[in-house]
Amino acid sequence: MNGILSITVLSPLLGVAGIILLRAFSRPDDARVGEAVRWIALASTLATLALSVLMVAQFDPRQSGFQFIEDLNWFSGIHYRMGVDGISILFVLLTAFLMPLCIVASWKSITNRVVEYMVAFLMLEGMVLGVFCALDLIVFYLYFEFQLLPMFLIIGIWGGKNRLYAAFKFFLYTLLGSVLMLAAILSMVVIAHTSSIPALLAYKFSPGVQTWLWLAFFASFAVKMPMWPFHTWLPDAHVEAPTAGSVILAGILLKMGGYGFMRFSLPMFPVASLQFMPLVFALSVIAIIYTSLVAFRQTDIKKLIAYSSVAHMGFVTLGIFSGNLQGEQGALFQMLSHGVISGALFLCVGVIYDRMHTREIAFYGGLASRMPFYAAVFMLFTMGNVGLPGTSGFIGEILSLTGTYGTSTWPAILAATGVILSAVYALNVYRNVTFGELTNPALAAITDLNRRELALFVPLIIATLWLGLQPSVVFNITDASVTHLVGAYHAATGR
Amino acid sequence: MTSQSIVSLALPELILGGSALVLLVWGAFRGRADLAFLVAAVAALLAAAVATAVGPLGRTFSGGLIVDAGAVFAKVVIYVTSAIAIPLGHRWFGRRGAAKFEYPVLVVLAALGMGMMASAGDLISLYVSIELQSLALYILAAFLRDDAKASEAALKYFVLGALSSGLLLYGASLVYGFAGSTHFDVIASALHGHHNIGVMAGLVFLMCGFAFKVSAAPFHMWTPDVYEGAATPVVGFFAGAPKLAAMVLLARLLSQGFGESVGQWQQILVGLALFSVAVGAFGGLVQSNVKRLWAYSSIATIGYAIVGLAAGGVVGVQSMLVYMVLYIVDVTGFFACLSGLTRHGRPLETLDDFAGLMQERPATTMCMTLFALSALGLPPLGEFWGKFYVFRAAWGAGTGIGIVAVFALVGSVVAAFYYLKLVKMMWLDPSAGPTDTPAIESRAVAYVMALIAFPVVLAILAALDPWTRAAATALTIH
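Chains A and B supply the protein sequences, listed in that same order. Final position of the first sequence in my numbering is 495; the numbers increase by one with none missing. Final position of the second sequence in my numbering is 973; the numbers increase by one with none missing.
In isolation and in its complexed conformation, chain A is listed as follows:
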């Protein structure tokens, strides 16, 4: 099965090539081009999904190391290395799973510059897959950085009215974080004489060096994640991005931060990770409590979900830096589950935004009487967001809290209040939007989910419930790699 990773990463880019060729050889005013472009995009994302499912089927979960390894000598000691382990393969699957949904979600709502839109999405998918599959720091950085461009265009061209501000803020904020990471990467290459991730995982940096490298990587991943107080770009970007853009942002792009912490910060700089654990815990607890409170006061549904994402990512950072098995598994699970649930919530917002073109909570009310199916779907994902047992949200939160408790008591107790706070804001917005009297006359004619939208939610519903009731499907895959990660961390820190 050698080469499957590169084929998976390239398959969306083949779609890009197809779209550009189609555009180049058709008349600009041809109306059929838009339709054809949508189908090409859908086909190539589905092909990517099929490839990644095949990859998971071929994956041997008993091994803790990297599999499907590709290694190509490039230049000046830099290799093009690819490979996945139990941690990264799930992110590949998540990305491939969400992308076709994004294409379908934008089927009718994007009518302006469809060619560029689909090209941007497919490029984004290829780059994100590359981030999760890269086994060389330089290759990782290439993919990690380049995905800024398609996202900049997605926010900037198809976003809301304040889109330019949001797009610039998104780009510059993340760029600043990543140039510091670039500096760290280069110094690691200089110190260890290699940029191979497996080799660097085995390399022991001296504690003093670890501190600086950890901080530089933290600058990048904390912005990406985002952790409080580096999160301010996220609500802007979410509010302005089109629906599918928000889904990708919350569902996948944020996960690159958590993935980075698990792949680089914790195993490569264990001493520094332990040293900075109080800082991370403090920031995470503040994120959970403070942003939950902020979310409660939002009047824009998307902004509310954005702040709720910051709070949920707080659980992820707690879990990762607790450094024990439950914590890591919980953080991983929380990222997957949040990818599905927050993506679904943004799609829920997209449904009513497409109809009414506003996201003001006050505008809505009593939707249950006109949109019963919608109310049911929205209810399920709200519950998932709150962390109701039976949904995937519960497993991630309980495990990361257990893990944190194993390392440090107070942060776990404080973070647990976040579970209550999330119930407060999520149920509150759900009540305001769907229950009560239908007072706004503009809503009288609103229609329920159509078949396309229903088809969109069915896979997400299945995923949420399946992960919630049968979490072992995930843990079976991650177990060996996470056990190895935790074992190495304990060996290095002596705890």
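Incorrect hints may appear among the rest.
Derived lysine to aspartate or glutamate pairs resembling EDC-like cross-links, with alpha carbons at most 20 Å apart [to be verified]: (1) B:Lys644 to B:Asp720; (2) B:Lys644 to B:Glu844; (3) B:Lys916 to B:Asp848; (4) A:Lys169 to B:Asp924; (5) A:Lys161 to B:Asp924; (6) B:Lys595 to B:Glu936.
Source of the hints: derived by calculation from the structure; they are not laboratory data. The structure presented is a predicted model; accordingly, all values stated were derived computationally and were not measured.
Given the coordinates of chain A, work out where chain B should sit on it, guided by the hints.
Same frame as chain A, but now just chain B:
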């Protein structure tokens, strides 16, 4: 040294010098610039490039002319980019009724000067070659002589350039006076072990002169004005190759002539680099004219290249060479796009002129976006690899230079804003109206350079790496 080997070593320069003279006479008699004339000039440059690439290595004119791997590398790049400038500029001036036969001759002469700069092994050939190159460029800047802005730009360029030549000459005379020789290697052995204050003063003057030529801050003041006023294809020409020539010569002078005084010149380079990056990044933020914006971009770029030079050693010089070559690809392509773009015959100059260009000229816009993002340093585009080499060299050189590199990286985030602003204008804003079809020359150059910037760069790095390493090794031997 037999005359035969002198000829074979200096063959590329002889081709250029000879063809410049022949073309001058021919042009004077024919009185007009026809296609044959143009082809002859391009052919001369390409022949010189080929002769450089295949010719023997060695030194001649008692060390005044050094042909080594470093010189060969620089000359091939210089001659090829000069050859590109001729058809581009010819069409541009032709549309404005100023396609005179002097244009190709001056480009050939400038190329000759730059080639000699890459080969210069003593202070005299250093000065003569820089002057030959500069004088040709002054005239090229003023080539549109009825245009007030172009004349102003050329005058500014000339006056400040003359000042910098004076600094160079004064520095050279001080070094000669205290070290007793004009040859780089003799200077090095004369200085052996002790720092002479007079030589150091001379070195500072020399470096200031070079800083003028490569437009490193605080000697950058002429750059925005000259770029704005001079003819667009000419700007594309003198923003690229001359800077490579000057950087190569500076690298050779510093490592072969003053290799033991590295502690002294490294500080100056660090200062120049940091100042250039800061001026380039912050100065560009407020520009509304795209050519001025690119002038600031080039100031920042030189700052990064100087970081590489300051890192020192083979790795440092190599990083500078990689960076300069990839920068030349960008700047050549970008100004090729610019020189092709007009709206109702008027060139697009301000940022507002570029609004919504994506709807009008998708292919050209894609190229310009690529160049802008490459200059921003977005991986995996061309200039990112330059930055990658430079910062890797800087980290390898020690923590001090490493921290300089981190400051420069943060500067690149500031500069990212104006590149993004350009991208935003072209992609996101409503169209400012239809544009004229660009000339085939500018489109061809733009497409080829865009393809090199991405994705061809990913393939050629494997060849560029050993080639620049050999060049850097040759430049740093003393």
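Which earlier hints turn out false for this structure, listed by number in ascending order? Per hint list: zero violations.
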